[in-house]
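**Student:** As a plain string of letters, each chain reads:
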Amino acid sequence: MNKRTHTVLAAVLAAPLALAAAGCSGGKQAGGDGRNGKNPAASEGSVVGGTPQKGGTLTVLSNQDFTHLDPARNWVMNDMDFGTRLLYRTLVTYKSAPGTQGNQLVPDLATDLGTPSNGARTWTFRLKRGVTYEDGSPVTARDVKYNVERSFSPDLPGGADYAARYLAGAEGYQGPAQGKHLDSIKTPDDHTIVFELNKPFAEFPNATVMPTFAPVPQGQDKGPRYDNRPFSSGPYKIESYDRGKKLVLVRNDKWDPKTDEVRKAYPDKLVVVMGLKANQIDDRLIASQGPDASAVSWGALRPESAAKVLPRADVRKRLLAESTNCTDMVQMHTGRAPFNDVKVRQAVQYALDRDAVLTSSGGPAFNDLSTAYMPAALFGGKQPDTLKIPATGDTAKAKQLLKEAGKPDGLSTKITVSSGDKGRAEAIQQSLGRAGIKVTIETVDPSAFYATIGDTKNRTDMVYTGWCPDYPSGSTFLPFVFDARFIKEKGNSGNHSLFRDDAAMKQMDRIAAMTDATEAGRAWQRLDGEILAKAPTVPVLIRRWPLVLGTNIAGAYGHTSFGGQIDYATVGLKDPAKSQG
Amino acid sequence: MILYIGRRLLGVIGVLIAIAAVTFTIFYVLPSDPAAAACGKSCSAERLTAIRAHMGLDQPLWRQFADFVTGIFTGRTVGSGQYALHCDFPCLGYSYENSQAVWDLLMDRLPVSASLALGAAVLWLLLGLTAGVTAALNKDSLTDRALMVGAVAAASLPVYFTSMMLIYGLIRVAGLLPYPSYVPFGHDPLDWASNLLLPWLALAVLYAAMYARQSRNSMIETMAEPYIRTARAKGLPRRTVVVKHGLRAGMTPILTLFGMDLGGLLAGAVITESIFGLPGIGRLFYGALSTGDQPVILGVTLLAAAFIVVANLAVDLLYAVVDPRVRY
Numbered sequence: 001m002n003k004r005t006h007t008v009l010a011a012v013l014a015a016p017l018a019l020a021a022a023g024c025s026g027g028k029q030a031g032g033d034g035r036n037g038k039n040p041a042a043s044e045g046s047v048v049g050g051t052p053q054k055g056g057t058l059t060v061l062s063n064q065d066f067t068h069l070d071p072a073r074n075w076v077m078n079d080m081d082f083g084t085r086l087l088y089r090t091l092v093t094y095k096s097a098p099g100t101q102g103n104q105l106v107p108d109l110a111t112d113l114g115t116p117s118n119g120a121r122t123w124t125f126r127l128k129r130g131v132t133y134e135d136g137s138p139v140t141a142r143d144v145k146y147n148v149e150r151s152f153s154p155d156l157p158g159g160a161d162y163a164a165r166y167l168a169g170a171e172g173y174q175g176p177a178q179g180k181h182l183d184s185i186k187t188p189d190d191h192t193i194v195f196e197l198n199k200p201f202a203e204f205p206n207a208t209v210m211p212t213f214a215p216v217p218q219g220q221d222k223g224p225r226y227d228n229r230p231f232s233s234g235p236y237k238i239e240s241y242d243r244g245k246k247l248v249l250v251r252n253d254k255w256d257p258k259t260d261e262v263r264k265a266y267p268d269k270l271v272v273v274m275g276l277k278a279n280q281i282d283d284r285l286i287a288s289q290g291p292d293a294s295a296v297s298w299g300a301l302r303p304e305s306a307a308k309v310l311p312r313a314d315v316r317k318r319l320l321a322e323s324t325n326c327t328d329m330v331q332m333h334t335g336r337a338p339f340n341d342v343k344v345r346q347a348v349q350y351a352l353d354r355d356a357v358l359t360s361s362g363g364p365a366f367n368d369l370s371t372a373y374m375p376a377a378l379f380g381g382k383q384p385d386t387l388k389i390p391a392t393g394d395t396a397k398a399k400q401l402l403k404e405a406g407k408p409d410g411l412s413t414k415i416t417v418s419s420g421d422k423g424r425a426e427a428i429q430q431s432l433g434r435a436g437i438k439v440t441i442e443t444v445d446p447s448a449f450y451a452t453i454g455d456t457k458n459r460t461d462m463v464y465t466g467w468c469p470d471y472p473s474g475s476t477f478l479p480f481v482f483d484a485r486f487i488k489e490k491g492n493s494g495n496h497s498l499f500r501d502d503a504a505m506k507q508m509d510r511i512a513a514m515t516d517a518t519e520a521g522r523a524w525q526r527l528d529g530e531i532l533a534k535a536p537t538v539p540v541l542i543r544r545w546p547l548v549l550g551t552n553i554a555g556a557y558g559h560t561s562f563g564g565q566i567d568y569a570t571v572g573l574k575d576p577a578k579s580q581g
Numbered sequence: 001m002i003l004y005i006g007r008r009l010l011g012v013i014g015v016l017i018a019i020a021a022v023t024f025t026i027f028y029v030l031p032s033d034p035a036a037a038a039c040g041k042s043c044s045a046e047r048l049t050a051i052r053a054h055m056g057l058d059q060p061l062w063r064q065f066a067d068f069v070t071g072i073f074t075g076r077t078v079g080s081g082q083y084a085l086h087c088d089f090p091c092l093g094y095s096y097e098n099s100q101a102v103w104d105l106l107m108d109r110l111p112v113s114a115s116l117a118l119g120a121a122v123l124w125l126l127l128g129l130t131a132g133v134t135a136a137l138n139k140d141s142l143t144d145r146a147l148m149v150g151a152v153a154a155a156s157l158p159v160y161f162t163s164m165m166l167i168y169g170l171i172r173v174a175g176l177l178p179y180p181s182y183v184p185f186g187h188d189p190l191d192w193a194s195n196l197l198l199p200w201l202a203l204a205v206l207y208a209a210m211y212a213r214q215s216r217n218s219m220i221e222t223m224a225e226p227y228i229r230t231a232r233a234k235g236l237p238r239r240t241v242v243v244k245h246g247l248r249a250g251m252t253p254i255l256t257l258f259g260m261d262l263g264g265l266l267a268g269a270v271i272t273e274s275i276f277g278l279p280g281i282g283r284l285f286y287g288a289l290s291t292g293d294q295p296v297i298l299g300v301t302l303l304a305a306a307f308i309v310v311a312n313l314a315v316d317l318l319y320a321v322v323d324p325r326v327r328y
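Read top to bottom, the protein sequences are chains W and L. For the first sequence, the UniProt record's numbering assigns the number 581 to the last residue and increments by one with no breaks. For the second sequence, the UniProt record's numbering assigns the number 328 to the last residue and increments by one with no breaks.
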């Protein structure tokens with residue numbers, strides 16, 4: 001989950017304005033439809049600013065540095081967008097298109113989406129010819145293998161773990177130190193790479209979108225320091241990178257657009273200015289003066305700034321608000337009392353006023369209510385509402401469930417939230433309190449949050465956290481959140497409800513082995529509903545990623561497969577002469 | 001004098017080691033785990049163990065601390081295996097978040113914090129001392145009252161409030177200045193100053209107010225001393241009496257205050273740097289806190305402590321220069 005700091009008071013102040021501007025009543029919403037709030041972006045699913053002109057400097061205003069740019073370590077949604085769209089290419093990538101079209105896979109380094117054999121246990125990719133690095137040397141299959149191998153090194157932590165989960169013989173492998181290589185990746189020639197998996201994996205091409213499957217030539221590898229200067233195979237290369245201050249990208253003149261159907265590379269230069277105050281970024285982009293007209297924001301618009309954007313049509317038409325596809329959940333400790341009783345968990349499910357949590361999160365302009373675990377993108381655009389629980393909750397039903405569970409007088413429990421989620425926790429506390437569930441809130445600094453809730457013995461009964469799928473498939477959501485085989489006593493992540501359900505796990509294995517993606521998709525959707533009925537966690541909301549663009553920005557849309565972040569493959573400027581630098 | 005300095009320097013080293021030990025221990029008992037934070041959102045137990053070993057976190061606390069202290073004096077190898085890195089003297093550890101040695105990070109950010117601190121110090125000393133001395137020389141007059149009411153009001157304003165007001169008034173409404181963005185002095189001195197003017201003002205308003213009150217009280221006390229009366233009785237010009245005899249002695253408590261304030265600011269003004277988006281040590285510290293980057297937190301803590309204790313020592317030595325009555 002992305003860490004965001006929200007000021008509760010400001011959010012509450014902004015919410016009514018947000019509601020009004022988004023065309024909602026401002027009152028409580030009826031029904032449990034996850035799309036109650038209308039997307040405030042005037043251009044949902046389309047491109048803002050028309051077609052860009054080639055040239056100029058695009059500025060990115062950011063309040064932070066990247067987590068990692070080294071492709072072996074890059075596994076944060078926004079960073080993956082930036083890295084794979086600008087600096088390095090992967091075997092397969094997402095189509096450059098707004099809306100659900102952005103879910104489509106297209107070949108990138110590879111000539112196609114890979115060829116399965118041996119019942120989807122073996123995957124072969126052929127690489128395009130003529131793809132080069134920034135020094136003109138050719139990208140080879142060995143370089144892709146090398147980067148996958150280095151992602152196993154404990155010196156280079158943080159990257160996606162699909163290779164570790166699926167490659168045969170990967171157990172105990174710790175990277176290419178002392179010439180140790182993975183036999184399950186074969187490179188019979190410079191343009192062919194073959195992956196041998198430990199089990200069938202029909203969606204393997206989706207995993208090859210991850211930066212782990214970008215090439216790194218062995219001669220350029222500088223270990224942890226590679227993070228400061230990845231060697232480019234994309235349309236831009238790093239001119240300078242002062243960590244936490246500024247990153248400057250200039251054109252990689254060795255990149256050949258004829259080999260690349262995804263990246264348009266409109267600007268001559270990209271400058272990322274880091275460490276700015278988030279509210280000032282909002283103000284600067286709303287004002288869009290001088291060089292700020294050619295700027296975009298890296299981080300989402302703060303809920304507090306909604307009041308400055310939503311009532312103004314001229315600013316609203318420069319607003320993107322694509323879904324992050326990340327589901328926020330109240331997760332209960334199913335391994336001990338009282339939440340080892342399904343009736344008690346269902347009582348929480350019914351008591352929760354999701355509408356109140358949504359209001360405390362900036363209102364429907366910035367969030368959608370959630371009625372299932374997987375986001376709408378994994379249900380073909382709309383989540384089902386199988387339980388039909390009102391958005392404001394059903395206190396009477398919750399009380400009845402508590403009575404059936406032998407707790408007619410209610411119960412007392414604790415919830416741990418990251419400090420940025422305190423407002424949401426208070427909304428949860430109030431709504432559960434109405435049903436007799438007294439909740440004490442424990443707020444933890446973001447730096448210690450995951451370590452605190454990952455300590456399964458000492459953590460509280462409830463935690464508020466969520467999950468974002470890495471790509472549009474249930475296999476990257478449900479197993480991470482509900483497969484008991486990944487639970488660890490300390491450092492636990494994903495399955496924070498500690499849900500142990502043999503039937504669900506059997507289903508997961510069965511679906512993962514399916515070779516028909518459509519059938520697998522339907523099976524994941526069914527399994528989502530089956531787990532929801534057992535209520536290990538309560539889905540609450542799905543945040544959007546609101547971004548205000550400068551007036552000189554063109555070709556911008558929030559990419560649905562990159563958590564709503566701007567697609568850096570296609571963004572550019574209306575008039576390059578108006579940009580500076 | 002040399003003996004005194006030697007003794008004090010030993011004390012400085014002792015204080016720094018004690019601070020390092022305390023900070024180390026605090027990290028050890030905190031629930032945050034740098035290895036888990038580095039490992040990513042889905043991390044197997046085996047991988048976590050390997051990362052912990054690579055970072056040296058599997059070693060006992062005393063061993064980690066001994067390695068850390070040794071590294072400061074001799075440098076050390078950080079990590080293990082294929083990508084083991086040599087961290088040069090003075091090694092304050094390695095930031096896995098920033099992929100840089102902590103010392104390099106600190107030295108990279110120090111010019112920003114130093115620019116901020118020194119510029120603000122010049123402003124607040126000028127404003128504060130002028131106001132304080134003027135008020136003292138015109139004790140109980142309308143000028144005195146007006147200056148002191150102004151000082152109390154300014155001292156009551158939190159720096160984030162002043163900063164926001166300055167940004168709102170001078171940047172957003174009047175459009176007189178750009179949003180601050182640090183430009184190195186060597187790059188363009190004028191640009192350097194124009195970008196730092198607002199943060200300087202924000203800090204100077206707060207500190208000048210405190211210095212005005214302090215220097216007024218100090219000057220009033222000094223000007224009542226018998227030797228000032230003697231100087232006046234000897235017929236020395238007012239300027240000589242005030243500046244040479246009064247101000248010099250009256251500055252001793254101001255010097256103490258100044259040493260501590262400047263020392264603290266050199267190690268980063270967290271709020272000011274964060275509000276104005278200046279990539280100084282304060283901002284680095286803020287970022288390290290939110291990502292749990294323990295080597296950086298420890299490095300900044302030590303640097304801040306070093307600035308304070310060294311400033312303290314410098315102040316003690318300067319007493320002898322400023323006040324003829326002090327001898328070592």
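Just so you know, these hints were derived from the structure itself, not from any lab. Mixed in with the good hints there might be a few duds.
Claimed, not checked - Here are the computed lysine to any residue pairs in the SDA-like style, where the Cα-Cα straight-line distance is at most 25 Å:
| id | chain 1 | residue 1 | chain 2 | residue 2 |
| --- | --- | --- | --- | --- |
| 1 | W | Lys490 | L | Thr25 |
| 2 | W | Lys578 | L | Val173 |
| 3 | W | Lys277 | L | Thr25 |
| 4 | W | Lys277 | L | Leu157 |
| 5 | W | Lys457 | L | Leu61 |
| 6 | W | Lys308 | L | Pro178 |
| 7 | W | Lys277 | L | Tyr168 |
| 8 | L | Lys41 | W | Asp455 |
| 9 | W | Lys490 | L | Asp191 |
**Student:** All hints, please: hold or fail.
**Tutor:** Evaluation of the provided hints:
For the proposed pair lysine 490 of chain W and threonine 25 of chain L, the alpha carbon gap of about 20 Å is at most 25 Å, so the pair holds. Simply put, lysine 578 of chain W and valine 173 of chain L have alpha-carbon atoms about 23 Å apart, close enough for the 25 Å limit, and the pair holds. Proposed proximity of lysine 277 of chain W and threonine 25 of chain L is contradicted: the alpha carbons are some 32 Å apart, above 25 Å. Note on lysine 277 of chain W and leucine 157 of chain L: the hinted pairing holds, with a Cα-Cα distance of about 20 Å set against a maximum of 25 Å.
With a CA separation close to 24 Å, the supplied pair lysine 457 of chain W and leucine 61 of chain L stays within the 25 Å bound. A C-alpha spacing of about 21 Å is found between lysine 308 of chain W and proline 178 of chain L, which places the hinted pair at or below 25 Å, so the restraint holds. Between lysine 277 of chain W and tyrosine 168 of chain L the CA atoms are separated by roughly 14 Å; this keeps the pair inside 25 Å, and the hint holds. At most 25 Å may separate the alpha-carbon atoms for a hinted pair to count; lysine 41 of chain L and aspartate 455 of chain W meet this at roughly 15 Å.
Restraint check for lysine 490 of chain W and aspartate 191 of chain L: the C-alpha separation of about 51 Å exceeds 25 Å, so the hint is violated.
In terms of the numbered hints stated before, the structure departs from hints 3 and 9, listed from lowest to highest.
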